[in-house]
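In order, the protein sequence lines correspond to chains V, L, X and W. Numbering-wise, the numbering used here puts 104 at position 104 of the first sequence, and it's gapless, one number per residue. Take the position in the second sequence, starting the count at 1, then add 217; the result is the number in the numbering used here. Take the position in the third sequence, starting the count at 1, then add 434; the result is the number in the numbering used here. Take the position in the fourth sequence, starting the count at 1, then add 655; the result is the number in the numbering used here.
Incorrect hints may appear among the rest.
[What the hints assert, rightly or not] Within a straight-line C-alpha distance of at most 30 Å, the following computed DSBU-like cross-link-like pairs (lysine-lysine) qualify:
no.	chain 1	residue 1	chain 2	residue 2
1	L	K232	V	K138
2	L	K220	X	K594
3	W	K797	L	K347
4	W	K797	L	K287
5	V	K138	L	K287
6	L	K219	X	K452
7	V	K138	X	K502
8	L	K287	V	K2
9	V	K15	W	K676
I should point out that these hints are in silico values taken from the structure, not numbers from a laboratory.
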Amino acid sequence: MKKVVDIDDIKPLIKDGMTLMIGGFLACGTPEKLIDLLVDMNVKELTIIANDTAFPDRGIGRLVVNGQVKKVIVSHIGTNPETGRLMNEGKMEVELCPQGTLIERIRAGGAGLGGVLTPTGVGTIVEEGKQKLNINGKEYILELPLKADISLVKGNIVDEMGNIFYKGTTRNFNPIIAFAADTVIVEADEIVNIGQLTPEEVMTPGVVVNYVIKGGE
Amino acid sequence: MKKVVDIDDIKPLIKDGMTLMIGGFLACGTPEKLIDLLVDMNVKELTIIANDTAFPDRGIGRLVVNGQVKKVIVSHIGTNPETGRLMNEGKMEVELCPQGTLIERIRAGGAGLGGVLTPTGVGTIVEEGKQKLNINGKEYILELPLKADISLVKGNIVDEMGNIFYKGTTRNFNPIIAFAADTVIVEADEIVNIGQLTPEEVMTPGVVVNYVIKGGE
Amino acid sequence: MIPNADLAKEIIAKRIAKELKDGQLVNLGIGLPTLVSNYVPEEVQVIFQSENGMVGMGPMPEVGMEDKNITNAGGIPVTVLPGGAFFDSSISFALIRGGHVDITVLGALEVDQEGNLANWIIPGKMVPGMGGAMDLVVGAKKVIVAMQHTSKGQPKILKKCRLPLTAKGEVNMIVTELCVLEVTEKGLILKEIYKDTTVEEIKNLTEAELIIPEDIKTMNI
Amino acid sequence: MIPNADLAKEIIAKRIAKELKDGQLVNLGIGLPTLVSNYVPEEVQVIFQSENGMVGMGPMPEVGMEDKNITNAGGIPVTVLPGGAFFDSSISFALIRGGHVDITVLGALEVDQEGNLANWIIPGKMVPGMGGAMDLVVGAKKVIVAMQHTSKGQPKILKKCRLPLTAKGEVNMIVTELCVLEVTEKGLILKEIYKDTTVEEIKNLTEAELIIPEDIKTMNI
Chain V
1 MKKVVDIDDI KPLIKDGMTL MIGGFLACGT PEKLIDLLVD MNVKELTIIA
51 NDTAFPDRGI GRLVVNGQVK KVIVSHIGTN PETGRLMNEG KMEVELCPQG
101 TLIERIRAGG AGLGGVLTPT GVGTIVEEGK QKLNINGKEY ILELPLKADI
151 SLVKGNIVDE MGNIFYKGTT RNFNPIIAFA ADTVIVEADE IVNIGQLTPE
201 EVMTPGVVVN YVIKGGE
Chain L
218 MKKVVDIDDI KPLIKDGMTL MIGGFLACGT PEKLIDLLVD MNVKELTIIA
268 NDTAFPDRGI GRLVVNGQVK KVIVSHIGTN PETGRLMNEG KMEVELCPQG
318 TLIERIRAGG AGLGGVLTPT GVGTIVEEGK QKLNINGKEY ILELPLKADI
368 SLVKGNIVDE MGNIFYKGTT RNFNPIIAFA ADTVIVEADE IVNIGQLTPE
418 EVMTPGVVVN YVIKGGE
Chain X
435 MIPNADLAKE IIAKRIAKEL KDGQLVNLGI GLPTLVSNYV PEEVQVIFQS
485 ENGMVGMGPM PEVGMEDKNI TNAGGIPVTV LPGGAFFDSS ISFALIRGGH
535 VDITVLGALE VDQEGNLANW IIPGKMVPGM GGAMDLVVGA KKVIVAMQHT
585 SKGQPKILKK CRLPLTAKGE VNMIVTELCV LEVTEKGLIL KEIYKDTTVE
635 EIKNLTEAEL IIPEDIKTMN I
Chain W
656 MIPNADLAKE IIAKRIAKEL KDGQLVNLGI GLPTLVSNYV PEEVQVIFQS
706 ENGMVGMGPM PEVGMEDKNI TNAGGIPVTV LPGGAFFDSS ISFALIRGGH
756 VDITVLGALE VDQEGNLANW IIPGKMVPGM GGAMDLVVGA KKVIVAMQHT
806 SKGQPKILKK CRLPLTAKGE VNMIVTELCV LEVTEKGLIL KEIYKDTTVE
856 EIKNLTEAEL IIPEDIKTMN I
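Same shape as in the complex, but just chain V:
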């Protein structure tokens, strides 16, 4: 159960057509070295679940620009014109989901829930094709869980058991996607020995993490 591996050991895990969740908010808290790996491998037909498609030259945006993405499920694409262009040309599918709903759907996937009822999107096109329920006189949309084959997480300090500490606003989607995939890979700014993170400092318990790789400086 040695979790710290070389980035090359990750290669066999990633295949064309997979569904990946990737951490980060406009590339803050995105594992750029794992993105490098995906670009180098040139895996295709990916479905990406993440907050946004970042920028053409940063984060998830690079996968979009490189034509590796079949579909994205995100809350925002405005900072990456390439996403809009590919969408308009019918070359990439874009499912837009309100940010709070998206994170709840991922959380539901990781927590074994069958769905959640949210008031967000009621009366908008977001409710199209979805079941609505009236609870105590108020309308809610039933939003269904999301899961992935692999989650790519960025952590600042990660111990050898995979326990993760996030700095600042890099946390965002990372702790939630770490529960929602069959395989969880963490890119660490810094890898420390077991015991160097106190049990209270841990924000994602290592028990959900499969592999840890060392990120860039």
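Fit chains L, X and W to the known structure of chain V by using the hints.
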């Protein structure tokens, strides 16, 4: 917006018939000084939402023994024989809820969700009277949100803005109930100046906390 | 007389700043709403939330002092004030959807007399996505729309939004460079007007029906 | 010959300990299941979860070394091992319900040949509540029931549970002092029997139908 107050300032907030959420798991992480206050005030007809009814001489159990409770919504009453006795005599209502469902219902209340779908309890008496939904061939129970008038939270280190750090397993229900009540009162082992908790150490943001009182030693 | 764009933004931001009360938790959208933070009175301590995962957001750092691990919802480096806190997106939106944010200030493409808001898509033209806006508008206790009164001379305050909605009936207040409107069950009430305009001018630049009370105030900026 | 209670518990705990694989996340119920931790082979590193909010639970502290802030799901002071982590109840049950716990070991009042389990209530007599048991049984990848084969001589392994259920069809394995049963779609398969018992004796003490394969093993403890 001075949040640190004397415990006597709390008295006017608490009234007969209120619904209270109280933190703790078998009295670990329960605000005992606030329980003292409730016992002293002898407020009656309370509805208590919590993990359990603890022990006759500790935590929430003391309110049960003192006859102040009309109803509890909990996952477990086995450690407090008085709860069972009052229930059997028809003197107190007990709504038992699976622990994972209970915490999700409280979370839903605090997060503005209309409910969650859980597989827990399907095929048992827990599903009685509840709506069931079939999602992708699997059955789920629709569980509805819970909210309270007041949440009584126990924190280990709390700053003057109400930001909370919990040690060990005292965290349990505390961060979740802190989102789910109109008024949130925190009993702190230790009160520190603003800035002494780093933004990453904060486990419950003070923006949801209304009052902080100093707990026992 | 319609103030130019820069003055318009200043008027709007200054007026909205006066809505903020001591101790409130406030979320400001990207762009014009962000300017509101420049005009908060010193004696009013508000806490700014950023939906990517922070309360206690401070001003932008000085050049060279940026921390790439601390950004706002626009991806721009910011600072965190003492007493601030970081959290993940599920907690951030528990705060937002759960009614813990007192005020959200957002821009708009269109807003209407039923309190409907459209600000996330122009089909076929511009599809940035809704980001956190739909949750903010549904969840915040008070929703303030901050926008210029017209777009290329065309009204943006309509009888009924024509663009796809961000949320239905959730807007509480509209602040433009010309006036302050309160959204009520009866419709839009003209509460205040800018000193250099008239009720007539506002009516001409507004498609929505306006309720004109007798005691209209001059916008206090 | 039925082993006495102490020996029975030891047999059950020892046998279940052999089911644990290196790296697994394991939740042990209060009482008999807790004993399993005493018999985990040294070369097998498992991580114990406690549903009140911890992974990496260690043994009980020495007398005088208790920390009242670190307790297990029975409210008893325990320790946390290096590499452990604390979290709130919503995350604890996200782990449990979300399928992140590999094995849960629980006691039972009754279990039946359809994999149904009853362990939380005897109406009118004993109503402790389900605590986290319903979530654990539904969520864990593998559910092992640890219990003595009979209660006061009466079978506890039934054709159909009579007490209110904890969960429907979720049990994978039943370990008693007499045998190991695997729950399959076809019914209960008798996989192993204790050295001092016979298939006949087990049949006599079991209400459920048993599938008796040719290659029954002796329980390896």
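Self-check item: Enumerated hints in conflict with the structure, sorted upward
Solution: 2, 4, 7, 8
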